[in-house]
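**Student:** Assembling the complex is the task here: the two chains are given apart, and the hints tell you how they should meet.
One line per chain: the protein sequences are A and B, in this order.
Using the working numbering, the first residue of the first sequence is number 85, and each one after it goes up by one.
Using the working numbering, the first residue of the second sequence is number 11, and each one after it goes up by one.
The hints are simulated quantities; they were obtained by calculation from the structure and are not laboratory data.
Just so you know, even glycine gets a beta-carbon here, dropped at the ideal spot from N, CA and C.
Treat the hints with care, as some may be off.
Which bits of chain A does chain B cover? Going by a derived footprint, with three or more residues having C-beta under 8 Å, they are [as the list claims (entries may be wrong)]:
no.	segment
1	98 to 108
2	137 to 143
3	146 to 160
With a cut-off of at most 25 Å between alpha-carbon atoms, the simulated SDA-like pairs for lysine to any residue come out as follows [said to hold, decoys possible]:
no.	chain 1	residue 1	chain 2	residue 2
4	B	39	A	135
5	B	41	A	132
6	B	92	A	135
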Amino acid sequence: MELDREVSTFRRVLPTLLADPAKRGLFALVHGDQVAGVYDSFDAALEAGYERFGLDPFLVKEVTEHEEPKYFPRNINPCP
Amino acid sequence: MTTDQITAAGAVVDVMVGVGPRRARLLRKNKMRVPDPVHVRSVIDTGAGISGFAGRVFRQLELPPVGTIHILTPSTPADQPKECPLYDVTLYLVAGGAPRPVLESQVIAAEGWQPGKDEGIEGLLGRDILAFSTLQYMGLDRTFTLAFRDCDPSLFG
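Chain B on its own, in the form it takes in the complex (with noise of 0.2 Å):
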């Protein structure tokens, strides 16, 4: 669980992403190094159906994609949205400095970031992941806390 004050970008949170626990497994069984889980600054966003990353962090997780999902932006025609690949990940929610894994996800990639300003964001939390979490927006008190079921790390290689 982590509780916050909401920034100027909104409901910001340190969270790692890393490789899915099933190809982690699979590079350790190979005697393979598993990259690092990479630190990412995202933004909750309760209306998008879906989460993304900047581009970088799958390139530094060697990651290929599983699977291509369609998607729509705010420039895409509604009848023509884009096919982009689809990562299996494991997402790890960074609360009093210390990474915990919360849960496997698939997510996009997303370019359009700005580094160094928009408070280091370059990711964004949706719906999909948000659906396993509690999260209370308190709005007045200019807070908000974000928690996922305890789960065990085991579970995610």
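Isolated chain A, as found in the complex (with noise of 0.2 Å):
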């Protein structure tokens, strides 16, 4: 999947921000091996996402400790 790098990084990173109350319920910025920032919201990390880095990738994700699945009626294999 693309975005894997980013995703690990979270992963790895994610207790370090849930120890921070205060980064609970944000969403993390993450661009290769960093987390770039923390913002208040979705839109907030995707407007600093392409400020930052342009057309590179990056991901936005949640601070959460446990991310509520979304029903998808369909199947949605392969991911591409």
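**Tutor:** The following block contains the structure:
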């Protein structure tokens, strides 16, 4: 999957982010091996991602212990 | 706003999916081509927590994901959701033959559509998008109406 590197980075740093109560529920901006910032909303993190990294890949992900899955009533394989 | 007949597949609408406004602005700033929005025949599904479109849409848009999301499908165990890429797009509703941008959203890629069958449906509009609309499903009349708020097209890049 695209963003594998960023997803690995996020998983690695998530315990550290969660350790700070002020960061819970916020949105992390991840580029490569680094968390580039934490923002109040998905939109704010997305805006910052395009500003800082342009057309390079980046990941926006909520800082949460449990991500509530969404239901999609169709097959999704294979994920591109 | 669009009003149409309810078909065997349900409430089916024509939408166009384009790159999100921020990426579109960035492409223009770098004097790069902004891919044309892709037409997708889609079915309204209030049972879906998120919207999704055929993978070909994102390939045509040359669109990288900006996030991931955990997804449950009819075939995934409830405790083993799949992590899927999330794409930032602009959604256009096609009404009267003209596409009009209605919102920016984050959606997933989904496969399993049957080209040439199922009324050509390759997309599903879920509650994430319907949350910004008014939907009337008039089963007795076999018609439905889907409307979004008017918004400034310049907001979409």
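**Student:** According to a criterion of three or more residues whose C-beta lies within less than 8 Å of a C-beta of chain B, is the segment 98 to 108 of chain A covered?
**Tutor:** Contact hint for the segment 98 to 108 of chain A vs chain B: violated, 0 residues under 8 Å.
**Student:** Quick one, are residue 39(B) and residue 135(A) close enough, alpha carbons at most 25 Å?
**Tutor:** With a Cα-Cα distance of about 12 Å, the restraint between residue 39(B) and residue 135(A) holds, given a limit of 25 Å.
**Student:** Per the coverage rule (Cβ-Cβ under 8 Å, at least three residues), is the segment 137 to 143 of chain A covered by chain B?
**Tutor:** holds (count 5)
**Student:** Need the status of pair residue 41(B), residue 132(A): alpha-carbon distance at most 25 Å?
**Tutor:** Answer holds: residue 41(B) to residue 132(A) is near 21 Å, not above 25 Å.
**Student:** Does the structure keep residue 92(B) and residue 135(A) at a Cα separation of 25 Å or less?
**Tutor:** violated, 30 Å
**Student:** Count residues of the segment 146 to 160 of chain A with a Cβ under 8 Å from any Cβ of chain B, then say if the count reaches three.
**Tutor:** Check passed, 10 qualifying residues.
The earlier numbered hints that this structure contradicts are 1 and 6.
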